[in-house]
Structures are given as structure tokens and as C-alpha cells.
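Student: Chains as they are written, first to last, in the working numbering: chain A, 1 to 353; chain B, 1 to 387; chain C, 1 to 327.
Take the hints with a grain of salt, since some may be wrong.
Stated by the list, open to error - Using 20 angstroms as the maximum straight-line C-alpha spacing, the simulated EDC-like pairs for lysine to aspartate or glutamate come out as follows:
#1 B/107 to A/258
#2 A/43 to A/100
#3 A/43 to C/223
#4 B/384 to B/220
#5 B/19 to C/20
#6 C/255 to B/199
#7 B/265 to A/102
#8 B/265 to A/174
#9 A/43 to B/185
#10 B/107 to A/100
#11 B/384 to A/100
#12 A/199 to C/20
As the list claims (entries may be wrong) - Each pair of labels, with its calculated beta carbon distance range:
#13 C/9 to B/270: 48 to 56 angstroms
#14 C/9 to B/384: 51 to 59 angstroms
#15 B/129 to C/198: 17 to 25 angstroms
#16 B/156 to C/232: 33 to 41 angstroms
#17 B/384 to A/15: 50 to 58 angstroms
#18 A/189 to C/136: 43 to 51 angstroms
#19 C/282 to B/386: 50 to 58 angstroms
#20 B/311 to C/314: 42 to 50 angstroms
#21 C/299 to A/189: 55 to 63 angstroms
#22 C/232 to B/195: 40 to 48 angstroms
For the record, the hints were derived by calculation from the structure and aren't laboratory data.
Bear in mind the structure is a predicted one, so any value in this text is a computation, not a measurement.
Note that the Cβ used here is the ideal one computed from N, Cα and C, for glycine as well.
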Amino acid sequence: MRDVAVVGFAQRQMEEFDGSPTCVELLVPLFAECYEQTGWSRKDIGFWCSGSSDYLAGRSFSFVSAVDAIGVIPPVNESHVEMDAAWALYEAWLKIQTGEVDTALVYGFGKASAGVLRRTLALQLDPYTVTPLWPDTVSLAGLQARTGIDAGLWDERAMAEVAQRSLTDAEKNEYAIRKGGSSVEELLARPMYADPLRKHDCAPVTDGAAAIVLAAGDRAREAVDRPAWITGFSHYVDPISVGTRDLTRAPSAQRAGEAVDLSGVEVAELHAPFSHQELVLRRELGLADDVRVNPSGGALTGNPMFTGGLIRLGEAARQVWDGSASTVLGHATSGPALQQNLVCVMGAEGRDN
Amino acid sequence: MGKQPAAVVGVGQTHHRAKREDVSMAGLCREAMDRALEDAGMTLDDIDAIVVGKAPDLFEGVMMPELYLAESLGAAGKPLLRVHTAGSVGGSTAIVASSLVQSGVHKRVLTVAFEKQSESNAMWALSVPLPFNMPVHAGAGGYFAPHVRSYIRRSGAPTHVGAIVAAKDRQNALRNPYAHLRNPDTTVESVLASQMLWDPIRYDETCPSSDGACALVIVDEDTAAASPNPAWIHGTVMRSEPTTAAERDQVNPQAGREAAAALWKQAGITSPIDEIDVAEIYVPFSWFEPMWLENLGFAAEGEGWKLTEAGETAMDGRIPLNCSGGVLSSNPIGASGMLRFAEAALQVRGAAGEHQVDGARRALGHAYGGGSQFFAMWVVGADKPTN
Amino acid sequence: MFHFRTMSRTLSAPVTVAFDYTRSTGPVLGRFFGGLRDGRVLAARLSDGTVVAPPPEFDPSTHEETAELVEVSTVGTVTSWSWVPEPVAGQPFDRPFAFALVTLDGATAPMLHALDVASPDEVSTGMRVRVRWAAERTGHITDIACFEPAGDSDEGPGAFPAPAGAVDPVTGIVTPVSLDYTYAASPEESAFYRGLAEGRILGQRCPTCHKVYVPPRSACPVDGVATTDEVELSSRGTVTTFCIVNVPFLGQQIKPPYVSAYVLLDGADIALLHLILDIPAEEVRMGMRVEAVWKPRDEWGTTIENISHFRPTGEPDADYETYQHHL
Numbered sequence: 001m002r003d004v005a006v007v008g009f010a011q012r013q014m015e016e017f018d019g020s021p022t023c024v025e026l027l028v029p030l031f032a033e034c035y036e037q038t039g040w041s042r043k044d045i046g047f048w049c050s051g052s053s054d055y056l057a058g059r060s061f062s063f064v065s066a067v068d069a070i071g072v073i074p075p076v077n078e079s080h081v082e083m084d085a086a087w088a089l090y091e092a093w094l095k096i097q098t099g100e101v102d103t104a105l106v107y108g109f110g111k112a113s114a115g116v117l118r119r120t121l122a123l124q125l126d127p128y129t130v131t132p133l134w135p136d137t138v139s140l141a142g143l144q145a146r147t148g149i150d151a152g153l154w155d156e157r158a159m160a161e162v163a164q165r166s167l168t169d170a171e172k173n174e175y176a177i178r179k180g181g182s183s184v185e186e187l188l189a190r191p192m193y194a195d196p197l198r199k200h201d202c203a204p205v206t207d208g209a210a211a212i213v214l215a216a217g218d219r220a221r222e223a224v225d226r227p228a229w230i231t232g233f234s235h236y237v238d239p240i241s242v243g244t245r246d247l248t249r250a251p252s253a254q255r256a257g258e259a260v261d262l263s264g265v266e267v268a269e270l271h272a273p274f275s276h277q278e279l280v281l282r283r284e285l286g287l288a289d290d291v292r293v294n295p296s297g298g299a300l301t302g303n304p305m306f307t308g309g310l311i312r313l314g315e316a317a318r319q320v321w322d323g324s325a326s327t328v329l330g331h332a333t334s335g336p337a338l339q340q341n342l343v344c345v346m347g348a349e350g351r352d353n
Numbered sequence: 001m002g003k004q005p006a007a008v009v010g011v012g013q014t015h016h017r018a019k020r021e022d023v024s025m026a027g028l029c030r031e032a033m034d035r036a037l038e039d040a041g042m043t044l045d046d047i048d049a050i051v052v053g054k055a056p057d058l059f060e061g062v063m064m065p066e067l068y069l070a071e072s073l074g075a076a077g078k079p080l081l082r083v084h085t086a087g088s089v090g091g092s093t094a095i096v097a098s099s100l101v102q103s104g105v106h107k108r109v110l111t112v113a114f115e116k117q118s119e120s121n122a123m124w125a126l127s128v129p130l131p132f133n134m135p136v137h138a139g140a141g142g143y144f145a146p147h148v149r150s151y152i153r154r155s156g157a158p159t160h161v162g163a164i165v166a167a168k169d170r171q172n173a174l175r176n177p178y179a180h181l182r183n184p185d186t187t188v189e190s191v192l193a194s195q196m197l198w199d200p201i202r203y204d205e206t207c208p209s210s211d212g213a214c215a216l217v218i219v220d221e222d223t224a225a226a227s228p229n230p231a232w233i234h235g236t237v238m239r240s241e242p243t244t245a246a247e248r249d250q251v252n253p254q255a256g257r258e259a260a261a262a263l264w265k266q267a268g269i270t271s272p273i274d275e276i277d278v279a280e281i282y283v284p285f286s287w288f289e290p291m292w293l294e295n296l297g298f299a300a301e302g303e304g305w306k307l308t309e310a311g312e313t314a315m316d317g318r319i320p321l322n323c324s325g326g327v328l329s330s331n332p333i334g335a336s337g338m339l340r341f342a343e344a345a346l347q348v349r350g351a352a353g354e355h356q357v358d359g360a361r362r363a364l365g366h367a368y369g370g371g372s373q374f375f376a377m378w379v380v381g382a383d384k385p386t387n
Numbered sequence: 001m002f003h004f005r006t007m008s009r010t011l012s013a014p015v016t017v018a019f020d021y022t023r024s025t026g027p028v029l030g031r032f033f034g035g036l037r038d039g040r041v042l043a044a045r046l047s048d049g050t051v052v053a054p055p056p057e058f059d060p061s062t063h064e065e066t067a068e069l070v071e072v073s074t075v076g077t078v079t080s081w082s083w084v085p086e087p088v089a090g091q092p093f094d095r096p097f098a099f100a101l102v103t104l105d106g107a108t109a110p111m112l113h114a115l116d117v118a119s120p121d122e123v124s125t126g127m128r129v130r131v132r133w134a135a136e137r138t139g140h141i142t143d144i145a146c147f148e149p150a151g152d153s154d155e156g157p158g159a160f161p162a163p164a165g166a167v168d169p170v171t172g173i174v175t176p177v178s179l180d181y182t183y184a185a186s187p188e189e190s191a192f193y194r195g196l197a198e199g200r201i202l203g204q205r206c207p208t209c210h211k212v213y214v215p216p217r218s219a220c221p222v223d224g225v226a227t228t229d230e231v232e233l234s235s236r237g238t239v240t241t242f243c244i245v246n247v248p249f250l251g252q253q254i255k256p257p258y259v260s261a262y263v264l265l266d267g268a269d270i271a272l273l274h275l276i277l278d279i280p281a282e283e284v285r286m287g288m289r290v291e292a293v294w295k296p297r298d299e300w301g302t303t304i305e306n307i308s309h310f311r312p313t314g315e316p317d318a319d320y321e322t323y324q325h326h327l
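Just chain A, same shape as in the assembly (with noise of 0.2 angstroms):
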């Protein structure tokens, strides 16, 4: 295996984005900001690679005009996955260990305010028995809170404390559509949303984009000063199903832990756009106590669909370059309830040095 390692991260996060689906506008700038991280230009860029999806933009081929962002004459190596970009990002890790480029930027981009998101995401189910039924995001990530509250493994107050921790992690954050923590007791006394989720609960209808840049080696070294070297990159899928699936666990999340090397991660980005979706992945990976997760703010205080997996993988990477971890893990997930997961841990030193 290659070293590979993150050295470039740019994003943003809105309520309401007041452009147009393709996002083209929104990537320009972030490509800049990642040139300007890592020096480079277009031209140092061997691969692109994002992530988007047709259904959130209405449109058939929506993120076929994404690609003018980049300015692509000469044409360049490019593919598109219609998936969370953080599996963008492994396409792209793949492409590098296979040792045809040395470098890719990573991007994902979606506008989930022009619809109805709860709603449209329905169409991700089963088409045949489920869909028809139109059953929301929201209902099924109730469903599994429930699943988790009558069997004992959390409660709401567990729920209102990963709330409140994540708000209050979000003051800090610039990006976040939804900050500002107050007390636990206070968000058990707001009124119930979904029974058993209240909206605290649950991600915010998020708008944005992000990009990542990735290097290898020498060419990273060069880039950035403490480079966030990939030691371990996994991901899996559970069925979708909510009635054969044990809804208390993510299967593909444990998983994937245990194909990388989880010892000494100090930061964890989880992706868990519902507040119990934190402490199923907390145990599924084994994280221990002492663990920092989701100083960001995490996915319940700004989560753009197809951006909010890298964007943790982003904000992990964030704590090796500055100095404040060593050794960090970065999570995204796809689908109803922690179908899909994927792990992507970094660190200050490669697997080689």
C-alpha cells in the first residue's frame, strides 16, 4: 500500500442555498481554497472524483455540468459515484494505490432544500413493498431510536446529551447551520417531534459542498506540513431492510472498524445525522471512553447529503494537521438507519515512517 494522506479540505454548509442545483457556483471557491491549502493547481491534480445525487437535484445527469468547476480543458481523469463523496474518496484512495496518479480532489455537492428531503429520500427503499408507502427518513430513524430506547441500550436523556454536547461543539464551528447548546434538561423538556425524536434530534436540512485533496507520499509531504496519513480505510453494507435488520445495531459499521486499526484514535467524526446514530456507532466501533467525538458539531448541526460523510473525514483530518490529535477516525454513512458505513482512520505518521 501506498502513503496516502488528506492535505486539502474546503466546505460549506447553509440552510438554504440560493443558487442553482448543479452547485457549480459553490464548488469554484472551494477549489480555490483547497489550491491555496496545498499550492497546487488543476494541473497538479491527477483524479477527480465526487459524489451527488440525480434525485436531490430533480434531474436526470445533474452532476455532469459540476465537472465546469474544475475547468476541463485539456479533459481530465474524472469519475463520479452517486454515493456520499467519502466513497468518492475511496474511489479516489483506490486510483492511487493502483499507483496511476498521485494526487486527487474529492468533492460532493447537493442541494437537499429543493425538495422535500424526508420525502425523497423514501425512494431509497424498497420500491416494490416500501416506497409506495412513502415512509419519511425521520419515521425510520424513529423507528430504530425506539428499537434501541425499549431495549434498554439508551434512553432519551443519553440522546439529549449527544444533542447538547454537539451544539455546543458547533459554537465553534463556522460552518454549522445549528449551534448553540444549552442544557440537557432543557432539550428533555422540549416537546417531542417524531415520538420518540425530538427536532434536536435530528440532522438539519443542510445544503453545501466540500472538497478534499489527497496525496501521496512525497507529493503530500510537499503540500502541507503534518500531512493526515490513511492507515486504514474500510467500508460495508447491511441489508435495507427494517424489519430482518436489528435495527439497535450497524453490522457494516463494526465491521468496518475491525478491518482497520481503531488503537489510539483520539477524535472521532462520527456520521450520525440522528443523535441515537451516535451511540449505536460508538459501540459498534468499540470507541472508548475517553474518545473526543464530533467536535465539529457533527452531522446534527449541519449535514449536506452527499457531503455530510466527507465532511467528517474533512474535519477529522482537520485535528491531525493543526496539532491536536495524533491518530483520528473519520465515519460516513449512507442510507436508511446505518445501512452502509464506511471508516477511514488517519494519522500524523504513514504506515511506512
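Assemble the complex: chain A is given as a structure, and chains B and C must be docked to it using the hints.
Tutor: Leaving out everything else, chains B and C in the frame of chain A:
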């Protein structure tokens, strides 16, 4: 560490039809997957990771269908990726699957690409009106027809060249048991007599709308040693450029030219027409055969149609193109690119049945998408690459 | 007709993306839907002994197609639920209700459906519920209208699972998907559409390559930077290439046959796609000089449809050399 060798040891595809009313989406995918696994002598339990490819989700009305399909496709408990690069997606998906092996991360990868177009209507899905704009768009045919006109003007090609391609591919399809269109009576004359749909493109010069899937099993060197006839991957390439740009060449796109040049270099090929024995290229409208012959470097600019007219792209020609019948005979959009890659692999494995080109040792698989802006290609060979 | 909404910098308008998808069900789901049509719930008996409704199409352990279906009860137990305070379009009720996971008697795993109760106080995990069938059953998941609280007279765990017996499978279902979006133009495109509302065609120049784009772009696709300096363009131009659309299709808004052409406006470096009229389609030529025909001013909005079409100017055709690099 450089690229690890990788080979195709299993190929499967569905019987492509306008409406596969006998199967669900899962059943369609599994038909192709089970054939590929049987060909490889494996079961789903042997597979390390699964890569799914598909064109726009609006076609089936399912957002990221690989999520709901995960269990039926045997992906639950495995890594699963979903690629979408417009019409080139089938090819891009095969390339991403290859990279899982070439990176040394996995040993046995299954990739499947599909489209069940009968669930909706592709013309509708591609032409949802955009506010503030003129609703002149008319599907893929309406998009590409003006560029075909430009090619004809630029090259001075006789207007019947498109019909030669259509008649040849439809005749080739008769040798392919999986092909959708099976009309033994198609001739140059009958194509020329068919209705003009998007002038200058006639009805018989267009691809059908199909339900279908294609699957490949791609493995590492050690696993491939057990296969009697692996198709070794000699080169893969993807290139993208904008849909529209000032003075962009839409007939002979730069991305395609540069992709081909990079591919030939990777595969150690200096004269494609002499060194490639057979090619499966993405020709959804007949005129794209001569256009891509030039773009790929099989012919000089403006000369592609001469190869077609001289019969050099027929099965017994200098560069047999689309012996399977090609996209013109079967077009499950998301799978169409992978079918090109798969047919190239079948040829060098000597497993193409009645449409086998004798002694094929090196073959090209090619796909393009968007507004002729996304290109994915590979070269596969009967021999293990030496570089 | 769009109802335009003006935001601070960009124009937006509603778009509905709707299609009634026709889904072939395959053998397993076909029998399940056939059962629903007959007022029965059929489940798969899987290789690990579990009984699951709706039946997975393929066995999760063996990956074989599900072979055995059995009938389960229409009465069962809630294993989890979630309150739906603000239903979205298409859900079983347009008033608050619960989504519930219900394990039907005879099954070993729950299925998801709506539960019709008036408030969250009326639901609890472990409560007994029964299927409320739709008035008309067609072989669709909505043949189950919802679950409802079960009465004392409802049967308990009895002879379920039972042999499924013969069932006439459903071969296809229709699932309507209709999504409402607000489509926004980019700031650069919005400037273009606002210009059109004043009868002006506005392009912008890329600050790097100096090419004039119409409409202007958030990113010059060559250089990756937004176009900037405004350039007002002529209403005249040259047809670079075109096609004659003879094919009718679903959702089409212009009656065929019509000529869809790339028009390179004088002063622009990229062609615009528009209609050519006022000339027989077969007489349209590459290089033909055309001019915009504007609709009456009182019909103008922020749309390129203010230009009804382009028509020949009568000037001599442009030389091929003047537009060949725009093909």
C-alpha cells in the same frame, strides 16, 4: 508499488428485451451475475466486493437502487460501490471494479451494471423541462443528431454510411443469443427507407430501449491462474470534458482523443488498427461508428467512414466492430458500456460463440456518455501483460 | 405556467418530476402481491428457518431465489413505532399517524406499515394490531390500508404460518412517483434571464480566456472561474448545426416536426439551442443567418421563451470557415 495484474474470468449478461416483464430489477441483475459467477466457477460467497453501475436513477424511479438491492445482489456484509458517469457508466464501473483489484485491496470483485428502462421512459427522464429554458430538447437522439450532421458536413461522408453501420450491427446481432433486436431482414436499403426521426438520424439508425444487465468477475493474478481463459486487463482509461464550451469540438472530442492516446500507450500499442483484433465501441446512433473510428485513432480525421464503407468494420474486416450487434441492437443504458467491455473480454477469451473473431488476442472495449464528454475504455488481451 | 419567485440573487421556479413507474414484480413479489389481492399476507420461509413478510426475493444466506411462501396471520404485535406529526404527500394518511413495525403472527420478523391511531398515547410497543384492508384490492402494498388496534375477538397465534396454497401471481404494479422541487438558476443565468425580461440578450466574458458565454456561466468550463464582464449580444446569428425533430415523446412541449438548432449569436463564442421557424424545415441549412423573433412584450417573463423562435434574415449564408470551429 505499481498496478497489480487483473483479469476478467467471468462474464454474464441477460437476454436483453424491450420489457423483461418476467423479472424484477433484482432478478434482472442476478440473471447476469449468476451467469458471470458460473462462468468464473465461483459463488457469491467467493466475492470480496461488489460494484454497481447504472445511469440516471430517474429511469427506474429508485434513488441509489444498490441500497435496496444490496441483499439480493449478495452485497450485504461486503463493500458496495455505486458508480454513475452518464452513458459511459458501464465502462467506468468495470474500471472502478478493476481498480479494486489493481490496487491490491481485493482479490475477487463482482461488478454488475443494469437498466430496466421499461419501468419508465428514457425520453421523459432525459427531457424533464428546465424552467426559464426553451424546451427544445428531445432525448438523446435530439441531442446527438446535430453533431452527426456536423460530422457529415465536416467529413464529406456519403449519407448512406450510417445505414451501412446499422445493417451490419443488426446482422451481427443475429449471431448473439442475448441481443434485443433480431431482425434478419435489415439491409442498407431498409434502414434508408425507415422513418427520419431526428433528421439526419433515421429510426433504424437508433438504438433500442432495453431492459438488461451485464456482470463481470474481475480477479487478481493468483485467482486468474485457475481460469482456463482469463482476459487480462492491459489498460484502462477515463477522461472527461465539459458538455458545452466555447469552440469545443463536439464531433471529435478532445477527451476521447486523449483517452485513446493514453490507453494505447498503457497497452503498448502503436498502431491500433493493426494491433487491435476486434473492438466493441459505444455506437448508440449509427454515425458514431465512423466518428469514433477517427476519435480512437483507427482512422485519420475525416477518414473513418471510408473504413465503414469498405466493409473493414465487418466481422471479416480489418477492424471488426461490434460483432455482438452493439448498442444499436441492445441498449440497457447503464449496462451498455459494460456490455462493450464484456464483449471485448469474451473475444480474447475465445468465448464469443457465433460472433467470435477467430484468433482475437487483443480487444478494445469503449463507452462514452453525457454530451460526448465522458469516456471510459479498456484493452483486454489473451496474454498476461508484460509491462 | 411557472409562478416565478424572486430570491435575493437568483431566480427560481417550481418543477414537478412525476412518472407512474411500471414495475414487473418477478415471481416472488408477484406471489406476495397476489396474496394481498386475495386478502392474505404471504411470507418467505427462509433457509435459516425465519419467516419474513414481505418476502425477500433472494435468500440472504444461500442467495438462491426464495422458493417457499407461507401464509401468516393478519394480526400481529408492534415491535417498534414512530409518530408522524407532519405527514408528507403519498403517505397512507394526510393526518398524523404512526409508522409501525409489526410482526404478524406466524412471522419471525416485522413488516413496516402505517398504524392508524389518533395520538402517540394510543400506541405502545407490544400492542396487538390487525390489518385493515383497502376497500378495493389490486395486488399492491397499499391493499393493506394500514394496521389498526386489534379487538379482543381477533385471533391469537394459531395455525400460522400455514401453507400458502395456490396463488395467482401479480406480474406488475404501478408506483406513481411525483416530487416537487424548487429549481433555481445560478446567479449568472439569473442575470441572463432578467436581461431577457428587458428584451436584451446578455452574455459574459471569461476573465481568463476572454470567450463570451451566453448564457453566462458560474464556471467557464475551460478555466473553472465565473464569467464576469457583461456583453450585450445581437439578436442575429448563424445556424451552426441543427436537427429536425420528427419524433413525439412523453412530456414534449413543442409539436413536431420542428427544427432544433444551435445558433451562434454575433459576438458570442458559444451557440445557443433554439427553434427555427418561418421556413420549411427541409430548407434550414448550416450557415443560415437567422434573427430572434420576440414574443409581444406583454408576454415577456424571465425566460428564454421570450424569444419565440429564430427566423431567416435573408442574408447570404455564412461561410463554413466562420463557424466550423463551433461544431
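Student: Given the proposed pairing of residue 107 of chain B with residue 100 of chain A, does the C-alpha separation stay at or below 20 angstroms?
Tutor: holds, 19 angstroms
Student: Taking the CB of residue 282 of chain C and the CB of residue 386 of chain B, does the distance hold inside 50 to 58 angstroms?
Tutor: Given about 56 angstroms between the Cβ atoms, the range holds.
Student: Cβ-Cβ distance between residue 129 of chain B and residue 198 of chain C: within 17 to 25 angstroms?
Tutor: holds, 24 angstroms
Student: Does the alpha-carbon distance linking residue 43 of chain A and residue 100 of chain A stay inside the 20 angstroms limit?
Tutor: Given pair residue 43 of chain A, residue 100 of chain A holds - Cα atoms ~15 angstroms apart, limit 20 angstroms.
Student: Assuming the hint says 48 to 56 angstroms, is it satisfied by the Cβ distance from residue 9 of chain C to residue 270 of chain B or not?
Tutor: holds, 54 angstroms
Student: CA of residue 43 of chain A to CA of residue 185 of chain B, is that 20 angstroms or under?
Tutor: violated, 52 angstroms
Student: I want to verify a distance hint. Is the separation of the beta carbons of residue 311 of chain B and residue 314 of chain C within 42 to 50 angstroms?
Tutor: Holds, at about 45 angstroms.
Student: I want to verify a distance hint. Is the separation of the beta carbons of residue 384 of chain B and residue 15 of chain A within 50 to 58 angstroms?
Tutor: holds, 56 angstroms
Student: Are residue 199 of chain A and residue 20 of chain C close enough, with their CA atoms no more than 20 angstroms apart?
Tutor: The given pair, whose Cα atoms are some 33 angstroms apart, is violated under the 20 angstroms limit.
Student: Keeping to a limit of 20 angstroms between CA atoms, is the pair of residue 384 of chain B and residue 100 of chain A held or broken?
Tutor: holds, 19 angstroms
Student: For residue 384 of chain B and residue 220 of chain B, compute the direct alpha-carbon distance and say whether it is at most 20 angstroms.
Tutor: holds, 12 angstroms
Student: Taking the Cβ atom of residue 9 of chain C and the Cβ atom of residue 384 of chain B, is their distance within the range 51 to 59 angstroms?
Tutor: Holds - the Cβ-Cβ distance for residue 9 of chain C and residue 384 of chain B, about 58 angstroms, lies within 51 to 59 angstroms.
Consistency with the previously given hints fails for numbers 8, 9, 12, ordered from lowest to highest.
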